[in-house]
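The chain contents come next:
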Amino acid sequence: MCLAVPGKLCAIAGRTGTVDYGGGLTRQAGLDLLPDARVGDYVLVHAGYAISRLDESEAEETLRIIREMGGIGV
Amino acid sequence: MFSPDAFRDPELAARLAGKIRGLGARLARPVAIMEVCGTHTVAIARSGLEGLLPEGLRLISGPGCPVCVTPPGEIERAVAAAGLPGVALASFGDMLRVPARTGTLEMARSAGADVRVAYSPREALESARREPARQVIFVGVGFETTIPGFAAAVREARAAGVKNFSVLPGFRLVPPALAAVVAAGPAVDGFILPGHVSAILGTAPYAMLPEAGRAAVVAGFEPLDLLLAIEMLLEQLVAGRPRVEIGYTRAVRAEGNPEARRLMQEVFEPADARWRGLGTLPASGLAFRREFGDFDAARRFALAAPEVQAPAGCRCGEVLIGRAAPRECPLFGRECTPEDPVGPCMVSSEGSCAARWKYGPEGAARR
Amino acid sequence: MSDPGRIRLAHGAGARLTAELVREVFAGSFGGELLERAEDAAELYLPGTRLAFSTDAHVVRPLVFAGGDIGRLAVCGTANDLAMKGARPRFLSLGFVIAEGFETGLLRRLAESIGRAAAEAGVQVAAGDTKVVERGAADGLFITAAGIGEIPEGRDLAPSSIRPGDALVASGCIAEHGLAVLDAREGLGLGPAFRSDCAPLSPLVEAAFRAGLELRALRDPTRGGLATVCLEFAAASGRKLVLREREVPVRQAVRAASELLGLDPLYVACEGVLLAAVPGAQAQRLVAVLRGQPLGADAAVIGRVAEGPAGVELETAAGGRRRLSWLEGEPLPRIC
Chain A
28 MCLAVPGKLC
38 AIAGRTGTVD
48 YGGGLTRQAG
58 LDLLPDARVG
68 DYVLVHAGYA
78 ISRLDESEAE
88 ETLRIIREMG
98 GIGV
Chain B
139 MFSPDAFRDP
149 ELAARLAGKI
159 RGLGARLARP
169 VAIMEVCGTH
179 TVAIARSGLE
189 GLLPEGLRLI
199 SGPGCPVCVT
209 PPGEIERAVA
219 AAGLPGVALA
229 SFGDMLRVPA
239 RTGTLEMARS
249 AGADVRVAYS
259 PREALESARR
269 EPARQVIFVG
279 VGFETTIPGF
289 AAAVREARAA
299 GVKNFSVLPG
309 FRLVPPALAA
319 VVAAGPAVDG
329 FILPGHVSAI
339 LGTAPYAMLP
349 EAGRAAVVAG
359 FEPLDLLLAI
369 EMLLEQLVAG
379 RPRVEIGYTR
389 AVRAEGNPEA
399 RRLMQEVFEP
409 ADARWRGLGT
419 LPASGLAFRR
429 EFGDFDAARR
439 FALAAPEVQA
449 PAGCRCGEVL
459 IGRAAPRECP
469 LFGRECTPED
479 PVGPCMVSSE
489 GSCAARWKYG
499 PEGAARR
Chain C
76 MSDPGRIRLA
86 HGAGARLTAE
96 LVREVFAGSF
106 GGELLERAED
116 AAELYLPGTR
126 LAFSTDAHVV
136 RPLVFAGGDI
146 GRLAVCGTAN
156 DLAMKGARPR
166 FLSLGFVIAE
176 GFETGLLRRL
186 AESIGRAAAE
196 AGVQVAAGDT
206 KVVERGAADG
216 LFITAAGIGE
226 IPEGRDLAPS
236 SIRPGDALVA
246 SGCIAEHGLA
256 VLDAREGLGL
266 GPAFRSDCAP
276 LSPLVEAAFR
286 AGLELRALRD
296 PTRGGLATVC
306 LEFAAASGRK
316 LVLREREVPV
326 RQAVRAASEL
336 LGLDPLYVAC
346 EGVLLAAVPG
356 AQAQRLVAVL
366 RGQPLGADAA
376 VIGRVAEGPA
386 GVELETAAGG
396 RRRLSWLEGE
406 PLPRIC
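Residue numbers (our numbering), protein chains in the order written: chain A, 28 to 101; chain B, 139 to 505; chain C, 76 to 411.
Okay, chain A solo, but in the shape it has when bound:
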């Protein structure tokens, strides 16, 4: 129920990742919940831990679905 912020995993050392949030902000996050995370993945970080990978193609797909909706009415 929770604020989670998207960022790009730019380095991994053991179970700790460095996440780039853009604009020069990088922070460490625990990768204990995403053991298969790779450098270059986009992740959601909540309370200091990466909780889920973000799928770029799904993001595009969602936007495409919305774009294709008609105007008023169905």
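None of these hints come from the bench; they were simulated from the model. Don't be surprised by glycine CBs; every beta carbon is placed ideally from N, CA and C. Warning: the hint list may mix true and false statements.
What the hints assert, rightly or not - Residues from chain A that face chain B, not an exhaustive set, calculated with beta carbons under 10 Å: (1) ILE39; (2) ASP59; (3) GLU88.
To be verified - Listing some non-contacts, in silico: residues in chain C with all C-beta distances to chain A over 10 Å: (4) ARG112; (5) PRO122; (6) GLY123; (7) PHE128; (8) ALA186; (9) LEU288.
To be verified - The list that follows gives simulated cross-link-like pairs (lysine to any residue, SDA-like), each with its CA atoms no further than 20 Å apart: (10) A:LYS35 x C:GLY266; (11) A:LYS35 x C:GLY229; (12) A:LYS35 x C:ARG330; (13) B:LYS301 x B:GLY189; (14) A:LYS35 x C:HIS133; (15) C:LYS315 x B:GLY189; (16) B:LYS301 x B:ARG438; (17) B:LYS301 x B:GLU264; (18) A:LYS35 x B:SER141; (19) C:LYS315 x C:ALA385; (20) A:LYS35 x A:ARG80; (21) C:LYS315 x B:ARG184; (22) A:LYS35 x B:PRO270; (23) B:LYS301 x B:PRO270; (24) A:LYS35 x B:THR387; (25) A:LYS35 x C:PRO267; (26) A:LYS35 x A:LEU81; (27) C:LYS206 x C:VAL172; (28) A:LYS35 x C:GLU334; (29) A:LYS35 x C:GLY264; (30) A:LYS35 x B:PRO142; (31) A:LYS35 x B:ALA144; (32) A:LYS35 x A:GLY51; (33) C:LYS206 x C:HIS133; (34) C:LYS315 x C:GLY240.
With chain A held as given, fit chains B and C onto it using these hints.
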């Protein structure tokens, strides 16, 4: 790609709003949608979306505010912990102003207790390592988004032999609360399901919703995510086909995060828990498993959470399950304001009453 | 559930509780007509001169942070309050309350910072006082600064002049100072991208007047951030302000850090930004003038003054609308 702006596009928002109006017209009856998650309550209010929705569509806030549903006895337990010698109490910011008979954590801090705002159990564990002379106690509050992180921190503490880190267990689980709302709540046609809790749980635990004839969509937190979820819910209702769908596909998979669930189950086991407003729900909370019992601050410091009656007149309980609206509580805006809250629905920034106050017409006139 | 016998941190946050404290404890005892106007600087009329007079207590913790320190803050903060009244800051007095045991080397470095800031702001420190209190009090050091500036003829800035049709212009990116201080205080390790923007705003104000622009009112958002000064403008003028979320200049790093920390940038302190209300027709020219100054590179029109009841409305990025409300006490970082 993951810039927040993509999911805040006003043109796409307008398009979705139009679609929602059309579906609302086809449905031709009032619709009640419950958003379970406190962060959704705030997200909807902050983006000013309600104004874009049709008249007959009512949004109700549910019990998904972990701070709101924490019973006052647990706050008193945390305040007591803060008063113990040598203790550094770490807490998420939201908890600092939750009222209890013995005051708030913020008051304890003003009176000299070492109460620290924490952003992560990882960082609290780091503090414990840096300050071996202090006992770091973390007030553990949260749902399934937050719990796996605590499990990971506790496991790491045990592996590293850290003796001065412990957690007061106040965790609660979403599916039992949902079941209680369905059983006892008003007629809610559909649920906006919590996006990040679902990133952990997946969709399986929500099967009881369509089984009870309710529509359900897992939603993200940006304006387009919320509007899309409402659109999808209305589609389900128009088609008469309630099911569980994922609107937040970029972050949530049907199977959720199995490793996160495994960690939760390794460190914790289900336990009955008291919920403010809902009473005791079986297997709706978590207790430390015996192997990790050392990290249970309640055990380590012999701290108990007293049972406390709700203050007279406070309708937080009913507000939490959507049975009453904030302005229907006799204390709202009178004895109970964000500055002087009676119940947590007003104090937590995610509470229905706080959100209503801050973003609704009543709050605008203050000074 | 407030505890009236003790001062809470929230009483100092610069919003409603502070106003209540001033009203209920101070104003009753030594208030008067000038204090009641509650402007950033009081205009004093001495025959032949128009003076602006302002005072500020500086209690920032930690004393030193990326981009500044308590000394620089004391000088710039007070100079800026004067500048918001259209005054040219001239003289400062500084009162130091120092805790016993304070490192002299640090005090010297802060004094040097004050010297540099004063030179930048074009002010002279004309008076001072020093007290030492027992070890452990005063968080090490408190500084009270009072400032006097001259208001040139023809400059009449006051929120009461704000009217429908006016534009709201912000001179730069918000929320920088608050995050830098929080970073230093909590050891968040946000990194070098976060520095306080603490700086004298006079160059911006003078540039605007030189260009012949007709400014209605100026305010610098400090505690409580941009949202709070907008609410103050609305309350003081009785007007409806409409802010466009999309237009408010915020750096990406600041946005991301705010999300991570559960803070709303609109309510986070700035120390190098001003908000101007200006006739609508002059808005673009003001932006151009500000952008010609180093501190004003990100200046933008962020809203307007509309017909309607007093208050501040936000047009959200997605096209929704909501009312802005006062901060209740210190902003609490949210996680859940």
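So, going through the hints one by one against the coordinates:
1. ILE39: 15 Å, violated
2. ASP59: 4 Å, holds
3. GLU88: Result: holds, 7 Å to nearest chain B Cβ.
4. ARG112: Non-interface label stands for ARG112 (chain C): nearest chain A Cβ at 40 Å, farther than 10 Å.
5. PRO122: Per Cβ check, PRO122 (chain C) is outside 10 Å of chain A; nearest 53 Å; holds.
6. GLY123: Given that every Cβ of chain A is farther than 10 Å from that of GLY123 (chain C), nearest at about 51 Å, it holds.
7. PHE128: The claim holds: PHE128 (chain C) sits with its nearest Cβ about 40 Å from chain A, beyond 10 Å.
8. ALA186: 32 Å, holds
9. LEU288: 32 Å, holds
10. A:LYS35 x C:GLY266: Holds: LYS35 (chain A) and GLY266 (chain C) sit about 16 Å apart, inside 20 Å.
11. A:LYS35 x C:GLY229: 54 Å, violated
12. A:LYS35 x C:ARG330: 15 Å, holds
13. B:LYS301 x B:GLY189: 53 Å, violated
14. A:LYS35 x C:HIS133: 39 Å, violated
15. C:LYS315 x B:GLY189: 19 Å, holds
16. B:LYS301 x B:ARG438: 11 Å, holds
17. B:LYS301 x B:GLU264: Roughly 12 Å separates the two Cα atoms, so the pair holds.
18. A:LYS35 x B:SER141: 11 Å, holds
19. C:LYS315 x C:ALA385: 5 Å, holds
20. A:LYS35 x A:ARG80: 10 Å, holds
21. C:LYS315 x B:ARG184: 19 Å, holds
22. A:LYS35 x B:PRO270: 34 Å, violated
23. B:LYS301 x B:PRO270: Holds. LYS301 (chain B) to PRO270 (chain B) sits at ~8 Å (cutoff 20 Å).
24. A:LYS35 x B:THR387: It holds: about 18 Å lies between the C-alpha atoms, which stays within 20 Å.
25. A:LYS35 x C:PRO267: Roughly 19 Å between the alpha carbons, so the hint for LYS35 (chain A) and PRO267 (chain C) holds.
26. A:LYS35 x A:LEU81: 9 Å, holds
27. C:LYS206 x C:VAL172: 5 Å, holds
28. A:LYS35 x C:GLU334: 15 Å, holds
29. A:LYS35 x C:GLY264: OK: LYS35 (chain A) and GLY264 (chain C) at ~18 Å, within 20 Å.
30. A:LYS35 x B:PRO142: 14 Å, holds
31. A:LYS35 x B:ALA144: 17 Å, holds
32. A:LYS35 x A:GLY51: It holds: about 12 Å lies between the C-alpha atoms, which stays within 20 Å.
33. C:LYS206 x C:HIS133: 15 Å, holds
34. C:LYS315 x C:GLY240: 11 Å, holds
Checked against the numbered hints given earlier, this structure breaks hints 1, 11, 13, 14, 22; the rest are met.
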